[in-house]
Structure formats: C-alpha cells, structure tokens
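Undergrad: These protein sequences, in sequence, are chains A and B.
Its first residue numbered -13, the first sequence is counted upward by one per residue in our numbering.
Its first residue numbered 983, the second sequence is counted upward by one per residue in our numbering.
Accuracy of the hints is not assured; some may be wrong.
Unchecked claim - Cβ-Cβ distance ranges computed for the label pairs, FRET-style: (1) B:Ile1172 to A:Thr317: 54 to 64 Å; (2) A:Glu151 to B:Lys1068: 13 to 23 Å; (3) B:Asn996 to A:Lys289: 34 to 44 Å; (4) B:Leu1168 to A:Lys90: 36 to 46 Å.
Simulated from the structure, these hints should not be mistaken for laboratory data.
Glycine residues also receive a C-beta, built at the ideal position from the N, C-alpha and C atoms.
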Amino acid sequence: MSATPNTASGTAAERSDDQDLGAAGSQLSTAPQEDAPNLPTMGVIGWARWFWRQLTSMRVALLLLLLLSLGAIPGSLIPQSGTDETKVAAFQQKHSFLGPVYDKLGLFHVYSSVWFSAIYILLFVSLIGCIVPRSWQFVGQLRGRPPGAPRRLTRLPAYTTWRTEAEPGQVREAALALLNKRRFRAHVAGDAVAAEKGYLREFGNLAFHIALVVMLVAFAWGQLFKSEGNKLIVEGDGFSNTLTQYDDFKSGTLFSQDDLDPFSFTLDDFTGTYETSGPNKGTPRRYQATVDYSIGAYGKDQKTTVKVNEPLRVGDSKVYLTAHGYAPVITVRDGKGDVVFHDAVPLLPLDSNVTSTGAIKVMDGYRDAKGQKDQLGFQAAFLPTYGGGTSVVSQFPALTNPVLNLEAYHGDLGVNAGIPQSVYQLNKTNMKGFKDSKGQQLRKNLRPGETMDLPNGAGSVTFDKGIKEWANFQVTRQPGAGWALGGAVVAIFGLAASLFIQRRRVWVRAVEGADGVTVVEMAGLGRSESAKVPQELGDLAGILYDQAPGAPAPEDASDDTPTPTPDTPDSEVVTAEGAETK
Amino acid sequence: MTLAAATDLAAATNENLANLSNTLIYSAMAVYTLAFFAYISEWIFGSRSKTGRTAAALTAKAGGGAKAPEVTAKNAGGTAVLERPKVVVRAAAGARDVPDGPGAHGGDEQGDLYGRIAISLTVLAFLIEFGGVLTRALSVRRAPWGNMYEFNITFSTVAVGVYLVLLALRKNVRWLGLFLITTVLLDLGIAVTVLYTASDQLVPALHSYWLYIHVSTAILCGAVFYLAAVSTILYLFKDSYENKLASGGKPGSFATSFLERLPSSASLDKFSYRVNAAVFPLWTFTIIAGAIWAGDAWGRYWGWDPKETWAFITWVAYACYLHARATAGWKGRKAAYLALIAFACWLFNYYGVNIFVGGMHSYAGV
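Chain B with its partners taken away, still in its complex shape (with noise of 0.2 Å):
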C-alpha cells in the first residue's frame, strides 16, 4: 500500500491551480454580469426605434397573397458577359413572408455600440471562464467532468463558445445573447453556491477514456439543444405575435417593441430545427458510447438505470420533435412544445435525475 500511496501522492490535487480556476471562475462571472447589462442596454436603446417591419409586412399584404415571383430575365447585352443570371427564389406555398427585424438594437446606433460591447465582453468573459475550466482540469490532471460543478462551468462555456462560433460564422445570432447570458449567469451561480465541489481524483469507475467521449458530447449536446431551445420559446411568442397581427389584431407596445426586433418566426423555427437536427445524432451518439462504457463498467449495456432511462426518453422526444415537423398537423407550435418538452428531459436527467432520482450516475459531490 505504500507504493500506491506515494502514486496518490503525485497525483495529488494541485492546490495553487485549484485555486487559480476559482478566481477565474468569479471573475467569469463579473464579467458575464457587465455583458448583461450592455445586453440590457443594447434592449433599452433599441426600443427607441420604431421599425415595425412584421407589423408593415403582415398588414400591408394582408390581400396580396402569394404573388408572382418577379423573373428577372438577365439580359447580359453587349459586354456584361461576366454577369450572371440571377437566381429567384420563392418561398413554399402557405408561408408567411416575414422579413427578419433589426435585432436587439432596433437600429439604434447607441443600442448597437451597447450590442458591440456586450459581445466583446462575452467573447471575455469566455475566455475566462474557459481558463477557469482548463486550471480545473489541470489541477486534478484529468477531464473537468467528475461532478456537477464542474459540468455545470464546461457546460455554461461550452455554450457560450457555440453561440460566438456561430457568430464568428456571421449566422443570425445575435438576439440570444441576453438569454443566453442570463442563462449562464444562472447556471454559475448554482454552481458556485450549491453544487461547489473541491477539485479532487475521479472514482474507480470513472477511470475510462469513455469519460472524454461520452460526457464531452454530452455536454456539447445540451448546450446546442439549448440554444435550440431558448429560441423555441421565442418562436412561440413571434409566432403568436404574428397571427395576432395578421388576423387585424393589435398586439401590446412592449410586445411590439421586443417583438419587432426578433427575427421572424419562421427564421426562429428554422433556426432551431437545424441547430436541433444538426445536434441529435450526436445525441444518438452520446448514448451509444454511454451504453459501451457501461457494458466494460457494470456489466451490461443497457440497464435502465434512472440516466439511462431519461436519456432515452430525452432521444425519444427530440425524434418524436424531428417526426412532427414533418407530420400534417403537428407542424408548427405542436411540434414546438414538444422540442420544449424534450429539452425539459434533457435538463431533468441532468439536475433531476442527479439530485431526486440517484441511480448508478451519482458519483462523489453530486
């Protein structure tokens, strides 16, 4: 035992790192917190500005119906020979053309500065906070994924760090940034009050490469199913606000003015099936590489351990999501709730499941 002693000894926590990620921790989160308030801000002032394109669009072609594609033929006469046609695209029969609003903003440029800043003080509070999990991890030279703490700083930076890729790929995502930000503020929050575990070695049984594979893209999963989610809820909204409009309605001034600035509610739904479909064979994934790590831990694949069996039925609802919108008469707000619904799983199997239910996934600290 000696021997084995003196290994524990080297693999000892690293007290300094530990502490170091703590401090980047907190500091993440001060920053988070002047990032929200230039979001709050960024909203404030974009209520200034009147732009009303839904209302303008709903409205003014409320007889128009579908119209005629304009066919510009190119003529590429004389010399223009490097033009090229231009390609007409037409919306499907049946949806509304909506044009996307203006973002939190609303144009305003004082609205927009505030919109620049916040996003520049996410990108560094990211980078904190992505310090702050890095020291973890090499404090106990081993994945950050041990306990809920620690699952709960990868997961509030990993989704921060989607939401900037996808705005570094100049994808329309602006308008989450308060949600997401209030989100993860939230998210730290428990965290460091109720969940802060002391950086320490992992059990026997978490002692498998599959720890990389299997939580990693667990963890990737839920911050994507929660963007996907988080715009979900405003699809319902813009979508209520929109048939309110387009049936002679007159919906109220803050709705107006938090609305208006949204995207469309098409752009929304679309924006979350693809980031929800993009997401859920990774999904598939994660659970396939849980059920192999539990056939060389516990001696089956599939057990219906209490984790198991709502990860399943979390896969189980984004399918029956994936299956309705391509369902008559499930498409729309039905097939929204359940992509709402499903998400509740997915965050049930993580905080429920963990802290009611219990079953062969709780390890040390929650």
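The shape of chain A in the complex, shown without the other chains (with noise of 0.2 Å):
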C-alpha cells in the first residue's frame, strides 16, 4: 500500500489520528515498533545492542525464516548421509568435482551443517529475544488496565453516537455492567468506559512460540540421547537388549549403554500376505509379527502382534518390523554321515519379490572323506516362487513354489583372519569348488527335503521342510518425544487463538450536552481491520440503547415531524418503555 500516493492533507490528517489514537492504540499487541535502522554510537556496547536489537527486530527474524526455508532445500534433492550413506558414496562416485565441494560445505549432512545450525540457532535467539520481552509487556497489559477513551471517538474504525435522557451516570453505569457480561474488562475511566477484550489472541501467540522453542529442544535433546539399533530375527530366536546382540547400533553423542531399556523377547511367528492377482500382484498387503515379550530380567511374558505402523512400546523403547525374508534350514553331514551343521540360514531380499541371496559356512566340526579338517561354504540363492526353467527371479513373494539353489565350496572362509566378513558373502579367495562328474562347478536347485550329495563322498547338504521366516527389528529409543509432541499440541492451539482470535477495544462515552440531553458515543478498535469489530459494536449499541434509549433531536434541528412539546414525547417514550418492560 505504500505506493499509494497520499495528498498532503491526507497525510496530514493520518498524523493527527495517529496522535489522537497513540495511547488508545498502543499495547493492543506486544508487537515490537519497527524503528528504522539508524546506525549505532560507538563502543562495544553500543555496537552489541544494535546488534541485539537487529536480531530480535521483526524484519531480521522475518529473514531468518526465509533462509531456513531455503536453507532446508538442498538436503532435500542432494542425497544425505544421515538417511542413505550408499546414495552419498555413488554420488561423490559420480561427481569428481561437485562431491568434495558440496563434502566441504556439509551439503550431505545439510540437518546438521555449521551453516544450518547457525540460521536456525540464530533464529530461535531471535525468536527468544522477542518472546521475552513480549511475555512481561504482556503480563504488565493483564496487570494494568484498558487505556482510557481517546479525546475524539469520531476518529476511531467504528463509532456511534446517540442521545439519551438517561443519566450520564447511569448510561455508564449499564455499559460497564454490559461490557462485564460480554466479558470485556472494563472500568470507568474519566466520563466513559473503557473496555478490552480477547487477551487470548496475544496468549495464544506467546504460547505458540514458546511451544516452537519446546520442540526444538525437545528435538535436540532426542538427537543427543537417541538409540537405534538393527536386529534380525529368525521365528523361533530371541532377542534382549543389550548392546552385543545388534546387529547394527547408532546413538547419540550422550547416550550411554545404562539408557537401553532391560526387556528381551522372542519372534513366535512371521505373516506376511500379498495381492495374488491383478496388476499389483504381489504387492505386500500385511506384515505381521507374532512375539512372546518379557520386560526387566524376571519379567512375565506377554504375547503381541508387531506390525509396519504398530510397534512395540517398552518403557520409553519402540520396536518396529522394519524388514523380512526367508531363512531356509540346512542340515549338512560330513563323510560320514554325521550332522556337522543344522541351522536356519536368514537370506537378503534382493527384490520385491524376495528372490534371496546369502552364504552357508560351516566352519568347524566339519572333516572330509579323507578325515581332514575343512571348511564348507555355499552360495545360496532362494526364490520363493520359482518360475520354472532357467528363471532365476522369484515371481512371486509367498512360498508358492520355493527353490533352493546351492553351490558348494571347500577351503578357507577366511572367517578366522580377524577381518569382518559379511555373513551373507562368501570370500572365494581361499575357496575351491567341488566339480561335479562333468567337472563344472557343482550346483543345484533344491527342493525342501531334497539332498546335494558332495562328490567323492565328502558328505551332503539338505534343504529341510518347512523353510523358517525372519523379521528385521528396529529398536529406537528417541527421549523427548513426549515433550516435542506437548509443544506442538500447544503450538496448534496457540497458532489457532492467535489468528483466530480478535483483539478489539470498545469505549463508551457519556456526557450531558449543552441543552442538558446526554450523548452517548460508542467506538470500537481492533488490531486488524475486520468487519466484526463493527457489528460488534452494533450489537452493544443496540443493546445500551434499549436501556439508554433515544432523546428527540435537539431543538435546531428540525427535520421531524412537528416539533413536539418538550415534556409529552419523553414521558410517552417512558411509559411506553415501562409498559414494555411489565
């Protein structure tokens, strides 16, 4: 609007309701006053206070926030390390050049880069500095009083003004007692009374900004004490809680190991269920996780049911089904018929499908036909629904139709080097192939309950019915959840108060007149322009004005009917008023 091009006298005229509003106007919001920039006096002091007052100012904060917005982008189109680290590795891969610059400038790790932290660090100083100040302002409005009536209600957004025969005592007397009921806080003050209303609006905002500081802490304090930890289950296996059984860990920097919540529990059963026709076959309908549960050392145990969107809650811990797959059992027997190995083997999904791939090593125990100690290792590959042929994708995710394929290997797993191997992998470095009669490497598509007998009597390897699932289990530990999710409800409620809510002030105003009639003039104000500060203001009106009602015009004006004698028209509005009121 300010392109607006005002007259001098408009301008002019603004000034002067400027004044005549100042102390009527003021405190109807603890919005801080804009002042221009002017440059500082000299000294630290004076330097460091520009310096706060800039930062909590309105337009620097307003910045802020434009820059965190722009700020948050790049960590959503550039892959980041805290969500996907091999999407990090293939792009730095891919980009020679790009990927040590955006390394440098913490562009894979945006959420938790110098700069980001420095915008929204600032921010929330900003945000402080001005929530501080504010809340006493605020609490100084509740302790204080509306300001009285400006010198000429004509000025304000909504007037009215009337005449009355009632007494000016009295017109005010009714108006306080309205305003009362209407729960403004009112008082006389002067010939009128002043009265305001929707204190909450300015609540709800202080609140609001308060529960934002909340949840950041509260979101903080979760980074630096969160616990999350991987762990796959076969049915039947169990789980506790401690840090040696994960898989995987990651924690915050002031986590410790006494944090982990003692409870321990056992995977009973896997289902899962797919569409089995139509365009998304195969598309996963449900996953579900039957477990047996028991909280402390000596706990009692429970039985419940893990889904993708139910976890379960102990103490402050969540466990999520995170991922399946299948583990085929394996029994493998040496030379002499004896069971060296008998486990279930959990193998990786490789698709939707969950065509799997993974190793068996047998690393002990095991001797060949000769008597010689030897380790055996197979490369497995599953597919649940085999289509037959030389298919080797799974077209389907349930057991319809499953197949083991095996190839066997002999020699030195390398497990004994001291260097982490996957278990899913198997290191041929040291390995040999068994070689079937043709002399190609031996393998084999297995059935459930079918045999692959190694050559020459080393032994054989069976794949048993009833091919075990297993679960993928997250267990998360995020403290401050509970106070971050208190914030943002405050935050709902105080964001909707503060714009929902009208913060207006009403002034009556009764005088007697020259000609000893008394006039009543009513004004509204509201912090925002809007339409129902008027009509609430018409309301009061209409209201007062049936306990102060209409006096005729005075004397010179002479636009009524016949000008009635003075004493017969009043004491007919009175009587008619009595007459009303029995």
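Since each chain comes alone in its own frame, lean on the hints to assemble the complex.
TA: Written as structure tokens, this is what we have:
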C-alpha cells in the first residue's frame, strides 16, 4: 500500500489520527515497534545493543525464516548421509568435482551442518529475544487496565452516537455491566467506560512461539540421547536388549549403555500376505510378527503382534518391524554321515518378490572324506516362487514353489583372519569349488526335503522342509518425544488462538450535552481491520440503546415531524418503555 | 498362507464400482467443461457493461484524501424507539477506499444468467465427481488417497467443495469460478491421463488410521491454499491496475474490462490472507499428524525425508507470509509474492517430490 500516493491533506489527517489514537491504540498488541535502522553510537556496548536490536527485529526474524526454508532445500535434493549412506557414496563417485565441494559445504548432512545450525540458532535466539520482553509486556497489560477513551472517538474505525434522556452516570453503569457481561475487561475512566477483550490472542501467540522453542529443545535432546539398533531374528529365536546383541547400532553423542530399556523378546511367527492377482500382484498387503516379550530380567512373558504401523512399546523404546525374508533350514553332513551343521540361514531379499541370496558357512566340526579338517561354504540363491526353466528371479513373494539353488565350495572361509566379513557373502579367494561329474562347478536346485550329495563322499547338504521366515526389528529410543508432542499440541492451539481471536477495545462515553440531554458515544478499535469490530459495536450499541433510549433531536435540528412539546414525547417514551418492561 | 489368500479375496477390488468411479470422473470432467464455457460466456457478456467503479473512485478522489467520516447522529425522535443507532465505519488510515467490482457478469443480465448456469453446472459436476471419489473408495473399501490419481481427484473435489461452501455462505467469491474450474479441468486431465492407477489395496505402510487424518487434512489444506493463491495472483494484477489509475496512468482496455469486474485489491488481499490464515493451523496439524504417524511407521517422528522437508519449507514459507503482513516494508505486494512462493512450495511438495525426488512417501503408482 505504500505505493499509494497520499495527498498532503491526507497525510496530515493521518498524522493527527495517530496522535489521537496514540494512547488508546497502544499496547493492543505487544508487537515490537519497528524503528528505522539507525547507526549505533560507538563502543562495544553500543554495537552489541545495535546487533541485539537488529537480531530481535521482525525484519531480521523474517529474513532468518526465509533463509531457513531456503537452507532446507538442498537437503531434499542432494543425498544425505543420515538417510542413505550408499547414495552419498554413489554421488561422490559420480561427481569428482562437485563431490568434494559439496562435502566441504556440508551438503551431505545439511541438517547438522554448521551453516544450517547457525540459521536456526540465530532464529531461535531472535525468537527468544522477542518472546521474553513481549511476555513481560503482556503480563503488564494483564495487570493494568484498558487505556482510557481517546479525546475524539469519531476518529476510530467504528463509531456511533445517540442522545438519551438517561443520566450519564446511569449510561456508564449500564455500559459497564453490559461489557462485563460480554466478558470484556472494563472500567470507568473519567467520563467514559474503557473495555478490552481478546487477550487470548496475545496469549496464544506467545504460547505458540514458546512451544516452538520447547519443540526445538525436545528435538535436540532426542538427537543427543537417542539410540537406534537393528536386529534380524529368525522365527523361534530371541533377542535381549543389550548392546552386544545388535547387528548394528547408532546412538546420539550423550547416549550411555544404561539408557537401554531392559527387555527381551522371542519371534514366534512372521506372516506376510500379498496381492494374489491383478496388476499389483505381489504387492505386500500385511506384515505381522507375533512375539513373546518380557520386561526386565524376570518379567512375565506376554504375547503381542508387531505390525508395520504398530510398534511394540517398552518403556521409552519402540520395537519396529522393518524388514523380513526367508531363512531356509539347512543340514550339512560330513563323509561319515554325522550332522556338522543344522540351522536356519537367513537370506537377504534382493527384490520385491523376495529373490534372496546368502551364504552358508560351515566353519568347524567338518572333516572331509579323508578325515582332514576343512571348511565348507555354500553360495545360496533362494526363490520363494520358482518360475521353472532357467529363471533366476522369484515370481511371487510368498512360498508357492520354493527352490534353493546351492553352489558348493570348500577350503578356507577366511573367518579366522580377524577381518569382519558379511555373513551373507562368501569370500571365495581361498575356496575351491566342488566339481560335478562333468567337471563343472557343483550347483543344484533343491526343493524342500531334497539333498545334494557332495562328490567323492565329502558329505551332503539337505534343504529341510519347514522354511522359516525372519524379521528385522529396529529398536529405537528417542527421549524427549513426549515433550515434542506436547509442544506441538500447544503450538497448534496457540496458533489458532493468535489467528482467530480478535483483540479489540470499546469505549462508551456519556456526557451531558449543552442542552442538558446526555450524549452517548461508542467506538471500537481492533488490531486489524475486521468487519467484526463494527458488527460487535452495533450489537453492543443496540443493547445499550434499549437501556438508554433515544431522546429527541436538539431543537435546532428540525428535520422531524412537528416539533413536539418538550415534555409529552419524553413521558410517552418513558411510559411506553415502562409498559414494555412489565 | 491359504487363510491369508482368502482374506485377500474378500477385500479384493470391486471391479464394477471401480469402473463406475471412472465413468463418473469422466462425466464430471464433461460437466466441468460445460461449466467452463458458461463461465467464459459470463465474462464475455459481462464485458459489454462499462462500469468503471474503480477508475471513478480513484480518479475522482485524487485530491480528496481521507475524508472526515459522516457522523450521522441518530435521533430517535418520537416513536422511533426501535431504530438502532447506526455504526459509522471508517477505513484505516492510508487504505485505498475502492469499491469492489460487480463480478464477472459486470451487471449485464445475460452475463449474470450465464454465471448462474455456470454455478449450477459446477454444483452438478461437483456432485458427480464426489460420487466418483466415493465409488472409488467403496471399490477398495478404504480412504481414496492411496496414490496420486486418487489424491488428484479428491483434491479438485475438495477445492470445488470449498468454493461452493463459500458461495453458500454468501461470501463474495463468485469471481473465482472461471480460474478454479480451469485448473480443476487441468488437474483432472493430468489425473486421468498421466497419473491413472487401477484401484487397488494399500501397501502395509499405509494401513493406519493416520491415513485418514494426515492425508485428508493435507488435501483440504492444499485446496484452500489454492483458492488463496488464485486470489493472490488476481490481487497483484488488480493492485498494479489501481496503482496505475491512482498515479494518473491509463490501463489498456482489456485490463480495464477484466480487472474492473474483480473485487478491489484490498478485498482480494484480505480474502487471501483470511483463507491462508484460517488454514495455516490446519497445515501445522497436518505436519504434526504426519510426524506422529512417522513415529509409528518409520521409527522416528522427524527424519528429513524429502516430503517432510518440503512440508516444513512450505510451512516456513507461509509463516513468512503471515509475518510479512505484520512487518513494515513487507506488506502488500511483497507479502503476496511470499504467499505465491509458499503455494509453489506446496505444489512442488506434491508433484515435484513425488515425481523427481522420491523418498519414503512414494507408494504404489507414484
């Protein structure tokens, strides 16, 4: 609107307006006054004060908010190490120039980078620097009283007036009672009643901003003390919540082992159901894990189910179902027919139809046909639904036609070298493949219950009936989540209050006019231009008018029907009113 | 697994209902197209009348400035006891006192008739489209918000619904009609051509009552933000038109004919502010509901997933807009640009993130 050229007279009028409203319009909000950026006086304190004032000004807060939203963008477009480490590595490999530059700028971990932190810390300092004085001011306003009526009520956005026979004192009393009844804070100041309503707006505004600070602190607290671990469990196996049991574990900087909630559970059964027909055939429909869990060392066993959207809650920890797959049960016998290995081997799914791969490692106890110590390794590929022929991918995620393909090796698994290796991969550098009768690598498709014999009496491997499933559980603990949620709820209500509630003032002035008749003037002022302020003023005026009914116009205003004799109409009005009230 | 297969069969897609839904959506598009032509006719016939209220208000008053309010003292002489005192309303200092335009029909009777036909057709199309969304939901026995196609058809239904509700409440929103229906047709066109996905069950991650809460509020917010964005764009045009008039310029005849019929820039600005402000707390709630759901589904309530990030960016952008309106030097046009940027963020969060970025919010059929 600043573009509107105002004529000289217009601005002059506005200026006088502002002077008129000065006290009355003050403190209708605790919003800080926008002062022009003027150069500070020299000296450290001067500069500090200037800096503080700038930081807590609305303009800078707005800029910081804009910066925050701009700063959040790269994190959504560039792979982030927090969510997908492998994507970051792939990106760095692909972009030899941009990779290191991005890394330097912290673009692979935007939300914990120095510059992003700087923006939100400055923003929150600015916010706190704004909230604290405003809260004090608001407390002051609550303890004080609404400011008295301005000299010229006609200047206010909504105004009305009438003449009445009632005494000014009576009118003021009636107005005070009416405004109090309407839950205005009202008091008589001089010749007028001053009233104000809608303090919840400012309260909501402050509550909202305080809630934001609470949410930020709760989030930061959660990041510092959080822990998150993964554990793959085959049906029938158990887990107890200690650090050593996890497959992998991440934690915040201030996390300590004692923070882990003591509990344990056993996976009874995993069930997955899938769409069996139509274009989305194979799309998962339901995943569900039945577990027995107990809290503490000697807790009672309880049965429950964990689903994708329904984690198990124990203390501050939540146990999520995050992945699943198959674990064929394998039995390996040595040359003498003794069982040297019998276990369910979890395999890693590769696609949505759960084509899986993995490795079976027989580390010790095995002796070959000559009675020599040796190690066995099998490269496994598993198709829950084998399509027949040479197909190497599963056709459907459920176990309709399961086939296990095994490649047999012997030699040194390399597990004794002390170098950690994946349980799903076979390190074949020191392994030799078993050869079949044609001199080819020994490889066979097994159906449940079938056995593959190793050549030259080296033993056998059996794919047992009763394929087990495994489920991956993520155990997370994020303290402060309750505080964040509380802050969020307060923020919503505060925001709604600050946006939907109008804060407004009403003044009712009643004075005796020159001719002895009372002149009532009412005016309303809202913080923002709103149609509701005049509407409400009209309502209030209507009620008050009934209690202090209109008097005839002064003698000089001769627009009415024949001027009545001074007394009769008044008495008429009074009797009429009196009759009505009976 | 056989038991599971049986339950699947029971919850299987009802093909007939799904086909009915498709037919209804196409029918709604046809009726919307008719409504579109009726709105066009309203604008064309409306151009016959030359009201020029804005021009009159801004040129005649060029030297007047803020006039003193007419204080009409109500004297209830004699028996006129029932007459209430009249409230005199005074525009805030500095505001341009420009009357609202008469609407698309421009006071022309035939234009008005076409406008009424257009609204009737819009109501009809809305009902048909609503039926389409409902049958789609019934065909899969779940909330119809599982993929972008369903999201799009629900989105336009809600946007038109909000518009009709505002009309029913006798708010001055009739001028929105043409712009709204144009984009509704666009939205539905994209839905049936690019985004169409056969109706189907949901992946396990979407099996949660939070789907109803989180996604429905997200759609409602988008629809309402959209209405505000249309109003904001029109505000920018109308404002520069008024500025030109006020500074003695002479806008082109098309601009005059078109913009004269819209509400005043102050009214447009106020409408977009109210609508944005009204729905902002709901948007906040949408994000928080999403965070609670994420806490249940993914093990953390906030993880900077692209969709989360863009919801946050959108939220901050709207917060900027609301703050800007209360900040000296940012009111008016600058704030309006911020509102448009914020809506662009919302749009990107929907289309951009789903199609180009991905992340954990991508489910069946984009």
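Undergrad: What hint numbers does the structure not satisfy?
TA: none
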